[in-house]
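Colleague: Chain by chain, the residues:
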Amino acid sequence: MSGGGRCPDCGSAELVEDSHYSQNQLVCSDCGCVVTEGVLTTTFSDEGNLREVTYSRSTGENEQVSRSQQRGLRRVRDLCRVLQLPPTFEDTAVAYYQQAHQLAGIRTARLQKKEVLAGCCVLITCRQRNWPLTMGTICTLLYADLDVFSGTYMQIVKLLGLDVPSLCLVDLVKTYCSSFKLFEASPSVPAKYVEDKEKMLSRTLQLVELADETWLVTGRHPLPVITAATFLAWQSLRPSDRLTCSLARFCKLANVDLPYPASSRLQELLAVLLRMAEQLPWLQVLKLDKRSVVKHIGDLLQHRHMLVRKAFRDGTAEMDAGEKEPQGQGQGQGLGDGDVGSSSLELPAGKRPASPALLLPPCMLKPPKRVCPIPPVSTVTGDEDISDSEIEQYLRTPQEIRDFQKAQAARQAAQSVPNPT
Amino acid sequence: PRSPLLSPSVPYDTAFNPQLEELSQENKDQAVIRSKHEIEENCKTQSQQTTLPLPSQLDTGLALNSSSGSSSHSHLHPADGNSAQPSPEKPHSLPLASITPMTPMAPISECSGIVPQLQNIVSTVNLACKLDLKKIALHAKNAEYNPKRFAAVIMRIREPRTTALIFSSGKMVCTGAKSEEQSRLAARKYARVVQKLGFPARFLDFTIQNMVASCDVRFPISLEGLVLTHQQFSSYEPELFPGLIYRMVKPRIVLLIFVSGKVVLTGAKKRSDIYEAFENIYPILKGFKKA
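Protein chains in written order, with UniProt numbering: chain A, 1 to 421; chain B, 1 to 291.
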C-alpha cells in the first residue's frame, strides 16, 4: 500500500510492504518483483533500541538468581547442615538471605560481607526459634572476625526490621554442658572426674540462676558465666577428689575452650556463695573461704532463695536511704563496710550473721577507676573577643618556619637515599 | 549566694529563692516538680533565644544542684511567707498555674532531678575559601597534616580544649567542646587562625551537628527486662556490647543504657532534645530498678 509507486516490470500500482525474514521489502503483488529492499544491516542510530543493556540495568537480574546469591544460599544451607539444625530452619534462613539480597546495600557489598551475612541469617533463625547458637560459634565456622560479624548483624536486623529475641540462657546451658566430655571415663578423664550428666546439668542450672539473680549475668557475655558455673557444679559434686583441679585443667579435660573472663566470673560467684554461707549458722562457725565453700554448695543451693534474700539487701532501696545521710561518695559500699564493722563490735564475732551486703552489679561495687571531675561552671557566650596574642601563640615565627623547612628537607633527603643492596 | 538562674530575662516567678537546702517531705515533691517546669521552661526559652547565655546558666544552676553531693536531689526551696508560695496541703495543679506555660504540657510525672552533662559537641562551619593545607601545616604550630592518612589538617587549641578538621574546600569540623557556646567560640578561634595565615576566611553556616551527654541514674537496671518490654526500640546483645542501645523516636535520640545505671545520650542537635529524652527514659528505667 505505498502511495504513488509503480512496479518497474508490470506497471502495477499494487505494491505491498513485506518482510523477507527481517529484511523489509517492497514487492509488487501482481508479478512478485522486488521494487526496493530494506537494508539488512542497521546504522548506529537505528540501533538505539536494540543496543545491549548491562545486566544490572536489565530485568534479568530480578528474574534470575545471581551467582553470588547462589553461592550465598549454598553457604546458608551448608551452615544449617553442619550445625544439624531442624529442616524448617534452613528454609527460614534461606528466605532471610534472599530478602537481604534484595537490598541495594547488601547486593553491592563485598564478598566478605556476603559470607558473614549467611551466618547472620542462620543466627537470626536460630534465635527466633530459641535454638541456643552463640555468635562465637558462627564466627568460628565462618572464619570471620567478631567485629565484621557484629557490624553486618546489626545492619541486617535494622534493615529488615526483624525482632530477634535474646539468647535463651537455659537452653544454652543444656547444650554447652552436654558438650563437656566428662560423662564417660577415658584415658584423659580418670574415673574420679567422671560425672553424671543430669546431676551436673541441674546443679549448673541452679548456679546460673543464682548468678542471674545476683547481677552477675547482665551486661556480660553469657558463656564464661556458664563455664564457671559448670566448673563449680562439677567440683561440688565430689569435692574431696576435685578441689585440686583448676579451672584451666578442667576445661582441658573436658575438651572445651576456656573463655578468658571465666576465672573472673568464678571469683564473683564464689564471693556470692560465701556471703550466702555467712547466713547459715552451721556454716558460719566454719569460717569458710573460697576453696572450702565449694564443699557446701549443695546446701547453699538448696536454700538459695532464702539465703539470697537474707544475705543481700536491695541495693536500690539502700541508695535512696543512703543519700539522706552525709556519707560521702561511693555507691553505698561505705555503708556496707560500716555496717559489718559495727555489727562485729556490738557482739562477739561469729555469734550473729553478717549484715546484708548490697545486691549490686560488680561494676557498681568496685571503686571508680578515676574520679570524674565536675566540669567547672562555664560562662562562655560564644561571642567573646578573641585577642590577637591568643591566636599568635599558635603561629610559627619566620625563623621557626625556616628551621622546620630545613628539618623536613633533611628528613626527605635521608629517606630518599637508596638502600645499598 | 544567689544562683545565676535569676536573670531578669528569665520568665520565672521571681518569688523563688533557689537556695540549696534540704526540704521536708511535703515540699520536696512540689519543688521537684517545679524544677522540672523550670527545665522545660528554660529549654523552651533557650530554643527561642539562642544568643542569650541561658543554657550555660541553666547548666550552672542545675549542675550546682546535682553536684551538691549525694545528700540531696536538685531541690528548690520556695521563699517563705510569699503570696506565690503554695501551701503543702493544696493539690499540685493549683500553685503551678502561675508558671504554667501557654503550650499544653505533658502530664506531670515524677521529675528525675538529674541533669545530663554534655560531654562533646560536634559542629561544622564553612570558611568559604579554598585553603592551602600545606601552607597551614607549615605556618601553624598546632596543626597536623598527613595527606596519605587523611585529607585534612588536624588543628588543636587549648582554650576551649577542642580539635578541628580543616579541609581544603574551606569546610571545617570542630569537636570536643562541652557546650554550644564553647563550640562556637572555638570555631571562631580556628577561623581566626586561618585568617591570620593569610586566607580570606569567613564564618558561614555554623551548625551544631551532634551533641553527646551522659548521666547516672544511680541504681542498677535490668537490661533483660527492658529489652523484653521495649523490644521495638531496644537492642541488647551482651555477646557484642555490654550496654543496651535504645533508639528513641521522639525526640530522635540514641541512648546507651548500662547495668550500672549510667546512661549516654547522643544524636541530638539541640540541648532540649537531650533533656527531653532523659526525662522520657527515666520513668521507664525506674520500672526496671529491681532484677
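Simulated from the structure, these hints should not be mistaken for laboratory data.
It is possible that part of the hints are untrue.
When the alpha-carbon atoms are kept at most 20 Å apart in a straight line, the in silico DMTMM-like pairs for lysine to aspartate or glutamate are as follows [unchecked claim]: (1) A:Lys158 with A:Glu198; (2) A:Lys199 with A:Glu184; (3) B:Lys196 with A:Glu390; (4) B:Lys135 with A:Glu400; (5) B:Lys289 with A:Glu115; (6) B:Lys141 with A:Glu198; (7) B:Lys134 with A:Glu209; (8) A:Lys181 with A:Glu198; (9) A:Lys181 with A:Asp299; (10) A:Lys174 with B:Glu144.
Colleague: Would you mind marking each hint as holding or not holding in the structure?
Modeller: Each hint, compared with the structure:
1. A:Lys158 with A:Glu198: Violated, at about 40 Å.
2. A:Lys199 with A:Glu184: With Cα atoms ~14 Å apart, Lys199 of chain A and Glu184 of chain A stay inside 20 Å; holds.
3. B:Lys196 with A:Glu390: holds, 12 Å
4. B:Lys135 with A:Glu400: holds, 14 Å
5. B:Lys289 with A:Glu115: Not OK: Lys289 of chain B and Glu115 of chain A at ~41 Å, beyond 20 Å, violated.
6. B:Lys141 with A:Glu198: With Cα atoms ~70 Å apart, Lys141 of chain B and Glu198 of chain A exceed 20 Å; violated.
7. B:Lys134 with A:Glu209: violated, 62 Å
8. A:Lys181 with A:Glu198: Cα-Cα ~14 Å, so holds.
9. A:Lys181 with A:Asp299: Roughly 26 Å separates the two Cα atoms, so the pair is violated.
10. A:Lys174 with B:Glu144: violated, 56 Å
Checked against the numbered hints above, the structure breaks hints 1, 5, 6, 7, 9 and 10 and satisfies the rest.
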